[in-house]
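Chemist: Fit chain H to the given chain E structure using the hints.
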Amino acid sequence: MADPVLRPAGIDGSALPGPYPVGRYAAGLREFLRERPRVQLFGEVWNLRLSRAKVYLELRDAQGALPCSMWRDDYDALQLGAGALADGAQVVVGGGLDYYAGSRTSSPAFTFAIGELRVAGEGDLLAQLDRLRKALDAEGLFAPQKRLRRPALPRTIGVVTGEGGKARDDVLAGLRRRGWRGRVVWAFAPVQDRHAAPRITAALQDLAGTGAVDVIVVARGGGSLADLFCFCDETLCRTVALLGVPVIASVGHHTDRTLIDDVAALSCSTPTHAAESAVPVHCTQARADVTALARRLSVHARRALLHRAQTLSRLARAPGEHVAGERRRLHQRLREMRASARRRIDADERARVARHALVLERKARAAAHDARGATRLNALALALAAHDPQRTLERGYALVSDRAGGVVTSAGAARGAGDVRLRFGDGAVDATIRGDDEHA
Amino acid sequence: MSTPEQPLSYEAATARLEEIIKRLDSGQAGLRETLELCREGRTLVELCASELDAVGRGLEELRLDELVARLQESA
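Chains as they are written, first to last, in the working numbering: chain E, 25 to 464; chain H, 7 to 81.
Excised from the complex, chain E in its bound form (with noise of 0.2 angstroms):
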């Protein structure tokens, strides 16, 4: 529909030309841009973007930037490989500048329409990031962060986020699925334009300065490695690295791996991550499994008083049992001796009979022994009387004996001897030998 042609009036006392229907100057405006030079311009790729019909970037380097597009069909008649042309690339692109007019329902835009295309080269953003990452590791700032402990159940997390991102709400997702209901703390800080770093940083110091936070999330959605370029920041990287909490950082995903998330302690790829991270306890698990600790340790409580309460009833009934046993063991030990007692002494007899038996059968040889030879003494004694000179003296005869003692058993020699002496039964008388012939 034609718009009425209802021209206002104009400002009073300006001085300048109108005023004219807004869209037939937006319209001369993109003839005027057309007619500008076409050149060559040079820079690095940022936020491409690949739609259906048109693919659109921005061209930067570090004096300004111009926001670029290029028609699908020309795009994919370069026939660029993949990732070519990712952000951070070097290119040249040829074309000239061109304006959408926009309408009463859709917007303007300014571009610098390309026509022609060529891949430089890594860009310098990149190149640059890759020196600096270096470095931060040559100087071991990777490693400190890594060092620290990260508590298991923290008590106060810090969050730096941006206030109104979906991050946050990712963040609280994730303490929720721990089943943990602590204290949060908010640093809010922009994330993505040139004053960010610095607000990052700060905010992170204020943060660990409080000294009542346990540890600190960093997280921001996803976005293209220009969005999140503040997170390489040199100053806020050496931060993080020498800071006295430790920092988990969900900066981007997986593609776009910024610098904080080598000096950080733990980097993750989405905010909910981050969050479940800072919390590696889950809570409702963890109560469960206290209780159940709890009911062990009264279990085997239990189980060892009564295992000593059975231990004592036993020792208890056991010296009664004992001495029980002793007894026993004593009377059978009685019973045996005596056996063996029995068992010796009935030997022993037998042995001591059998001794006396052979003294007394040797005694009784000997006695009959004895008793013959006084039978035998008996005789001879008999014999020997019969011939004893004192019986025959005593039936009346005489023994003639010299003064020597000597037996004189003739007449003559008791003349030769004239003093004899004379034996009878009952005596001896001295006799003197005188003239014998007339008795002889």
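Just so you know, the hints here were simulated from the structure itself, not pulled from any lab data.
Everything hinted at is true.
Taking beta-carbon pairs under 8 angstroms as the criterion, some of the chain H residues facing chain E (in silico):
1. Tyr-16
2. Leu-30
3. Gly-47
4. Arg-63
Quick look at which bits of chain E chain H covers, simulated, 3 or more residues with Cβ under 8 angstroms:
5. 171 to 184
6. 207 to 216
7. 225 to 232
8. 323 to 337
On the chain H side, residues computed to face chain E include the following (Cβ under 10 angstroms):
9. Asp-31
10. Arg-48
11. Leu-50
12. Val-51
13. Leu-58
Glycine is no exception: its CB is placed at the ideal position from the N, C-alpha and C atoms.
Modeler: For chain H alone, kept in the frame of chain E given last:
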């Protein structure tokens, strides 16, 4: 790393509890040791339960400046 002045951390407490249960389950602890381990274990359980309670009452959200103000008030 904890020192005698610092309270035992939750993870240290749970690790010690695991050790205690393992020792008790082994059946090698005598009565005296068992009772001491149970006593120590109950203390650790109370500590863990207390830590879990501290992060179980309800989510509290503060902005950094509110935390700083609160800390300054209590200082």
